[in-house]
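So the protein lines, in turn, are chains A and B.
The first sequence begins at 1 in full-length UniProt numbering and counts up by one.
The second sequence begins at 1 in full-length UniProt numbering and counts up by one.
One or more hints might be untrue.
[Said to hold, decoys possible] If you want the footprint, here are the derived chain A segments under chain B, 3+ residues with CB under 8 Å: (1) 4-16; (2) 279-285; (3) 303-311.
[Stated by the list, open to error] Mimicking EDC-like on lysine to aspartate or glutamate, the simulated pairs with C-alpha atoms at most 16 Å apart in a straight line are: (4) K226/B x E93/A; (5) K185/B x D200/B; (6) K226/A x E215/B; (7) K185/B x E215/B; (8) K130/A x D200/A; (9) K130/B x E330/B.
In short, the hints are calculated from the structure, not lab data.
All C-beta atoms in this analysis are idealised placements derived from N, C-alpha and C, irrespective of residue type, glycine included.
So the chains spell out like this:
Protein chains: 2
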Amino acid sequence: MRAVMLHAPGDIRVEDIERPTLVEPTDAIIRVTAACICGSDLWPYRGAEDVHGPAAMGHEYIGVVEEIGDDVRDIQVGDFVVGSFVASDNTCEICQAGFQSRCIHQVMMGSIGTQSEYARIPWADGTLVKVDGEPTEEQTKSLLAASDVLGTGWFAAVAAEAGPGKTVAVVGDGAVGLLGILAAKQLGAERIIAMSRHADRQALARQFGATDIVEERGEEGVARIKELTGGYGAHSTIEAVGTQESMLQAIHATRPGGHVGFVGVSHGVTLEGIDLFVSTVSLLGGPAPVRRFLPELIELIMTDQINPGAVFDLTLPLEEAAEGYRAMDERRATKVMLTF
Amino acid sequence: MRAVMLHAPGDIRVEDIERPTLVEPTDAIIRVTAACICGSDLWPYRGAEDVHGPAAMGHEYIGVVEEIGDDVRDIQVGDFVVGSFVASDNTCEICQAGFQSRCIHQVMMGSIGTQSEYARIPWADGTLVKVDGEPTEEQTKSLLAASDVLGTGWFAAVAAEAGPGKTVAVVGDGAVGLLGILAAKQLGAERIIAMSRHADRQALARQFGATDIVEERGEEGVARIKELTGGYGAHSTIEAVGTQESMLQAIHATRPGGHVGFVGVSHGVTLEGIDLFVSTVSLLGGPAPVRRFLPELIELIMTDQINPGAVFDLTLPLEEAAEGYRAMDERRATKVMLTF
Chain A
1 MRAVMLHAPG DIRVEDIERP TLVEPTDAII RVTAACICGS DLWPYRGAED
51 VHGPAAMGHE YIGVVEEIGD DVRDIQVGDF VVGSFVASDN TCEICQAGFQ
101 SRCIHQVMMG SIGTQSEYAR IPWADGTLVK VDGEPTEEQT KSLLAASDVL
151 GTGWFAAVAA EAGPGKTVAV VGDGAVGLLG ILAAKQLGAE RIIAMSRHAD
201 RQALARQFGA TDIVEERGEE GVARIKELTG GYGAHSTIEA VGTQESMLQA
251 IHATRPGGHV GFVGVSHGVT LEGIDLFVST VSLLGGPAPV RRFLPELIEL
301 IMTDQINPGA VFDLTLPLEE AAEGYRAMDE RRATKVMLTF
Chain B
1 MRAVMLHAPG DIRVEDIERP TLVEPTDAII RVTAACICGS DLWPYRGAED
51 VHGPAAMGHE YIGVVEEIGD DVRDIQVGDF VVGSFVASDN TCEICQAGFQ
101 SRCIHQVMMG SIGTQSEYAR IPWADGTLVK VDGEPTEEQT KSLLAASDVL
151 GTGWFAAVAA EAGPGKTVAV VGDGAVGLLG ILAAKQLGAE RIIAMSRHAD
201 RQALARQFGA TDIVEERGEE GVARIKELTG GYGAHSTIEA VGTQESMLQA
251 IHATRPGGHV GFVGVSHGVT LEGIDLFVST VSLLGGPAPV RRFLPELIEL
301 IMTDQINPGA VFDLTLPLEE AAEGYRAMDE RRATKVMLTF
């Protein structure tokens, strides 16, 4: 089968590799009908994470179930499914508490790769959610977004306790930040301040529900947020970048007693304990438990209440994945869909 | 009046200083009837915080109102009162959200000093809570504890979301950690694991509600907590020390999706962003908004439902404050009460 492989930083190739087979009785094999490139795929692509030989890429996917292991009960061959970027049993205490991304049996889909014609999905019953009905082209894009970026933005908004009466600040205008705005809006936030200096992303931010735009960054950005919130800071802040500057911007933009939801994968971030102590904000982040939200997100998508697929501004056939990576890397594209 | 002054690390003197007077119309002057020495007073005493010339010490107090400013409405001369270690207006948005320790008009009582015969209390209406009735000697000790260590332990337990069905781990067996145990018990926690290697403190921990004791520290302590919790970690962890080791112990002992309430004043603590990301725990800490809890705590004390005053294991007259500091420093005493 054809699959996207990273050989070295910047070196993306689409190659023939062996088609996956069932390994565990709880596995399923799906035929991937669409995949995409994630902002976090750029970390190894840019050399910010080590690359050890050719690595299968991708962790977002929708597809049709081709084969199931003997212990799979709820998912059937032929089901059209969406899954999280972390496979989870959905039965352990951590999953049951809604943190499926830290399931005791978790498997990171990025270690398997989904930018490929087929993919093995561990813990199929726990990981996959069946979609009923025939999604339109727009709904299909949105379902693909649900697999990671929507679910991650949603988690960030929930972790930041976005809701009625709240002012939400969003640090990061990538797909996750933008969908954090959509989530905050859907959760009832009163005011949503997008921190962005790119006109096209500002436009999408407003389309998703942003009421204010702040172009300043770092402590200047913090000062603007304070100005816009009567000196107090935001109630809820979504961090969707993962750098030292973005984390401090998020923490300092939040009022004491407020909440920061951080979902940008931390790279080189160190936080001073005394700064956290003095800030007195709640901090919750990590890999998003997308599985927790999938049934609700699928329902919102299939009833056209949300349109997260609007973040895809470039669609390419799988064979042109390398151009997709370049477009994301150079910020010519916010989010790239790969079709088969 | 007589007051405790720190001249240099280790150099505590009881001296005559000027009796405080009203400065702002929102101030009150109280005659302090009991004060105490806090674990956090030991940081400057030990030289871990800079000492700039003779500094008035203390921030915990109960007393009788002697004088009030023109704008004080709710507090009357003659009231017997308890106040928080942070003065707050109790009306700003931060106070109204329950984070009075970060009031936009906050005044740290430690910058004024309360180990003295009289003390000026800023924002008297916002800071002080009147106690009705005649407290017994035991209740008096407990009310004094409410001013900081009980309120701080209580906040840590609330921040850690201790409650029914939860396993709570407590890092730190000082007065705050011990009262965090009392709080967790009162909040309905199912199981409370005290991390302590001192027999007398273990005994008090059990008296306050601890069900298990773990003597190991650091990653060994974490491993023991995991063992005791089916491999998952605690749901809720109280951190009441403020060192690098104690913070990591608290974060790592907590299961994904769990909560850490940290109230030890951070000294030299740095946290890796990626460690927080992977841990996926909620982190909330800082100076405790004791004022939020005071009415409830006073009620619990005056109806003998809790006995936090049991943490005082040494009572000395104000004049012998230096011995009190030595006893705390050498861990001969858990908590010292100063009487007048």
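How the hints compare with the structure:
1. 4-16: n = 0 at 8 Å, threshold three: violated.
2. 279-285: holds (count 7)
3. 303-311: n = 0 at 8 Å, threshold three: violated.
4. K226/B x E93/A: Holds. K226/B to E93/A sits at ~13 Å (cutoff 16 Å).
5. K185/B x D200/B: Violated, at roughly 19 Å.
6. K226/A x E215/B: violated, 45 Å
7. K185/B x E215/B: With a Cα-Cα distance of about 20 Å, the restraint between K185/B and E215/B is violated, given a limit of 16 Å.
8. K130/A x D200/A: violated, 34 Å
9. K130/B x E330/B: The given pair, whose Cα atoms are some 35 Å apart, is violated under the 16 Å limit.
Comparing the model with each numbered hint stated earlier shows that hints 1, 3, 5, 6, 7, 8 and 9 do not hold.
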